[in-house]
Amino acid sequence: DVKVTQSSRYLVKRTGEKVFLECVQDMDHENMFWYRQDPGLGLRLIYFSYDVKMKEKGDIPEGYSVSREKKERFSLILESASTNQTSMYLCASSGADRANEKLFFGSGTQLSVL
Amino acid sequence: LAKTTQPISMDSYEGQEVNITCSHNNIATNDYITWYQQFPSQGPRFIIQGYKTKVTNEVASLFIPADRKSSTLSLPRVSLSDTAVYYCLVGDGNNAGNMLTFGGGTRLMVKP
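Going down the list, the sequences are from chains A and B. This note's numbering puts the first sequence at residues 3 to 116. This note's numbering puts the second sequence at residues 2 to 113.
It is worth saying that the hints were derived from the structure and are not from the lab. One or more of the hints may lead you astray.
[To be verified] Listed below are the simulated DSS-like cross-link pairs for lysine-lysine, each with C-alpha atoms no more than 30 angstroms apart in a straight line: (1) B:K70 <-> A:K59; (2) B:K70 <-> B:K4; (3) B:K70 <-> B:K55; (4) B:K53 <-> B:K4; (5) A:K73 <-> A:K55; (6) A:K55 <-> A:K20; (7) A:K59 <-> A:K5; (8) A:K72 <-> A:K20; (9) B:K55 <-> A:K104; (10) A:K59 <-> A:K72; (11) B:K4 <-> A:K104; (12) B:K4 <-> A:K57; (13) A:K72 <-> A:K104; (14) A:K15 <-> A:K72; (15) A:K104 <-> B:K53; (16) A:K72 <-> A:K55; (17) A:K57 <-> A:K73; (18) B:K4 <-> A:K59; (19) A:K5 <-> B:K4; (20) A:K104 <-> A:K57; (21) A:K5 <-> A:K57; (22) A:K20 <-> A:K5; (23) A:K73 <-> A:K15; (24) A:K104 <-> B:K70.
[What the hints assert, rightly or not] Non-contacting residues of chain B with respect to chain A, defined by C-beta distances greater than 12 angstroms in every case (computed): (25) S24; (26) T54; (27) D83.
Here the structure is a predicted model, which means the values were calculated and not measured. Glycine included, each C-beta is placed from N, C-alpha and C at the ideal position.
The following block holds chain A by itself, in its conformation from the complex (with noise of 0.2 angstroms):
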């Protein structure tokens, strides 16, 4: 089975700090991708990556960066973390582009900014 890992399960940081969110996926996909999922609003799609190096805004990227160096790692990055980014963090990944590839999710990173 296909396994996307995501660095940390609970975070806390501080407003003001800079947060990484890593994600690894073990089964050479394509593209990967970060959302945020929020009570009542269900997950959004902040970035996205069909190859290294290569990444696309989602419906809410203000406030993160995105760092694809690696085929199997997709970084979100939090440059400057405000108390609106608390929110679970999801990543998945999904295979080459064809119309019925399914996504894989991590089991998610709960931020909590203060």
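Add chain B to chain A, keeping to what the hints say.
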């Protein structure tokens, strides 16, 4: 991007069949329909995917009418462990970003 609309919540009892309908009026020709299940404190998990007519696997069935403007996820004989949030996604995986807009999901509560 095709937008989806689902009921916010549904209640059922153990052993019943549950049908969750998703509306996607703006679905494009190349779009597939995919359903995910999410338990608390976990990431969503793929359930089923289809393009038209009917698809069945060991977990669920997916019914898609000819106009493809809606789809229905059918869960046969639900148990307490099927209590979860179910998401419908519509998109074209050939453009990775299009596949990935989640709606609000349907919170299914299965009661004893």
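Do the hints match the structure? See the list:
1. B:K70 <-> A:K59: Roughly 27 angstroms between the alpha carbons, so the hint for B:K70 and A:K59 holds.
2. B:K70 <-> B:K4: holds, 11 angstroms
3. B:K70 <-> B:K55: holds, 14 angstroms
4. B:K53 <-> B:K4: Distance of about 18 angstroms is within 30 angstroms: holds.
5. A:K73 <-> A:K55: holds, 9 angstroms
6. A:K55 <-> A:K20: holds, 21 angstroms
7. A:K59 <-> A:K5: Satisfied, since the Cα-Cα distance of roughly 24 angstroms is no more than 30 angstroms.
8. A:K72 <-> A:K20: holds, 21 angstroms
9. B:K55 <-> A:K104: Holds, because 18 angstroms separates the two Cα atoms, which is no more than 30 angstroms.
10. A:K59 <-> A:K72: Status holds; Cα separation ~19 angstroms.
11. B:K4 <-> A:K104: holds, 18 angstroms
12. B:K4 <-> A:K57: holds, 23 angstroms
13. A:K72 <-> A:K104: Roughly 21 angstroms separates the two Cα atoms, so the pair holds.
14. A:K15 <-> A:K72: holds, 26 angstroms
15. A:K104 <-> B:K53: With Cα atoms ~17 angstroms apart, A:K104 and B:K53 stay inside 30 angstroms; holds.
16. A:K72 <-> A:K55: Roughly 8 angstroms separates the two Cα atoms, so the pair holds.
17. A:K57 <-> A:K73: This hinted pair holds, its Cα atoms lying about 12 angstroms apart.
18. B:K4 <-> A:K59: Holds. B:K4 to A:K59 sits at ~18 angstroms (cutoff 30 angstroms).
19. A:K5 <-> B:K4: Holds - the C-alpha atoms of B:K4 and A:K5 are around 29 angstroms apart, at most 30 angstroms.
20. A:K104 <-> A:K57: Roughly 19 angstroms separates the two Cα atoms, so the pair holds.
21. A:K5 <-> A:K57: Judged against 30 angstroms, a Cα distance of about 21 angstroms means the pair holds.
22. A:K20 <-> A:K5: holds, 27 angstroms
23. A:K73 <-> A:K15: holds, 28 angstroms
24. A:K104 <-> B:K70: Satisfied, since the Cα-Cα distance of roughly 21 angstroms is no more than 30 angstroms.
25. S24: holds, 15 angstroms
26. T54: holds, 15 angstroms
27. D83: holds, 18 angstroms
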